[in-house]
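Read top to bottom, the protein sequences are chains A and C. Per the numbering used here, the very first residue in the first sequence carries number 17; after that it's consecutive. Per the numbering used here, the very first residue in the second sequence carries number 61; after that it's consecutive.
No lab work stands behind these hints, which were simulated from the structure alone. Hints are all accurate, no fakes.
Within a straight-line C-alpha distance of at most 30 Å, the following computed DSS-like cross-link-like pairs (lysine-lysine) qualify: (1) A:Lys139 to C:Lys106; (2) C:Lys106 to A:Lys94; (3) A:Lys37 to C:Lys90; (4) A:Lys66 to C:Lys106; (5) C:Lys90 to A:Lys82; (6) C:Lys106 to A:Lys82; (7) A:Lys66 to C:Lys79; (8) A:Lys256 to A:Lys156; (9) A:Lys82 to A:Lys139; (10) A:Lys94 to C:Lys90.
Simulated restraints on C-beta separations: (11) C:Lys79 to A:Ser206: 56 to 62 Å; (12) C:Met113 to A:Pro172: 45 to 51 Å; (13) A:Gln74 to C:Lys79: 25 to 31 Å; (14) A:Met240 to C:Asp100: 47 to 53 Å; (15) A:Glu250 to C:Met113: 56 to 62 Å; (16) A:Leu65 to C:Asp100: 15 to 21 Å; (17) C:Ser116 to A:Gln74: 31 to 37 Å; (18) C:Met113 to A:Pro75: 33 to 39 Å; (19) A:Thr109 to C:Ile99: 20 to 26 Å; (20) A:Gly80 to C:Asn63: 41 to 47 Å; (21) C:Pro91 to A:Thr92: 26 to 32 Å.
Keep in mind that this is a model prediction, so the values were computed, not measured. The beta-carbon is built from N, C-alpha and C at its ideal position, and this holds for glycine as well.
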Amino acid sequence: MSSLMIAGHEFSSRLFTGTGKYASADAMMASINASGSELVTLSLRRMDLKHQSDNILQPLQQHGIKLLPNTSGARTAKEAVFAAQLAREALETNWVKLEIHPDPRYLMPDAIETLAAAEELVKQGFVVMPYVHADPVLCKRLEEVGCQCVMPLGSPIGSNMGLASKPFLDIIIEQSQVPVIVDAGIGAPSDAALALEMGADAVLVNTAMAVAQNPAQMSLAFKMAVEAGRLAYESGLGEKRQQAQASSPFTDFVGSLS
Amino acid sequence: MSNEITLYVNDSPLSFLGKTVMDLLHQLDKPSQGIAVAIDQTVVPKSVWATTMLESDMNVFIFESIAGG
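Construct all of the structure, not just a fragment, from the sequences and the given hints.
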């Protein structure tokens, strides 16, 4: 199975994950380890000065996992650029998952603000990984302004509805010159396998792993699904047909008995 | 006598006894790993925390990394 290159960094796992929604830091680490993921997302928030928060940074760094801060919470391009600058300081990485969703109900990414922020962040030297709707035109525009990959959604964040955007993901994958990472909505390992079979370069899965009754086992299931999907893609899938085509040769079986 | 000033840290008033951003983090007993500091809307790089002076009524924001997807 081939590895994936993003901005000169080589990933052997095509499964990226997040750190949100886990019951504990231990459950999160067990799940990330089972997934084999080498890139995980984190968020940034104003510090609670009265309480100590869980330190999830240390175990991630101890395991050598690359951190991908996101700009979640930003509602405009300006806020997202500020969030990315803060994240670069806090986590000492110039990689950023750019996400701008002003509406908390559906968390739909704002295409106009995202394109403006992407252009500015690329100028400032960031490796920009934009989370967007499965919009082939927008993905092309983001590639043109210098994004190192695109992250179109399968369906709304946390919805577990799978690849509702499949016909548009097919177009994005066919057109893109940068890696395509399907993000959001992937609810089951079969969704992840399908994305990889279609030729997506990777998937990002968080909710489906974190809220499973057994997160570590579900993460292993996702790992296997992503590997199966990629292997199938690289092996070359057969074409779909309307009519049957026999797998066994049509020999004169009955006739041969007489 | 110490020069005690009032800062606004993450929108809450705070009596501050030191001089620099680094002093503030010490006073709050916060780790320097995984955090970022801004004054108003400008990020203060870690490399200048020890030399960036804080003045009365400044708006300081401290951010930390948390779990997220």
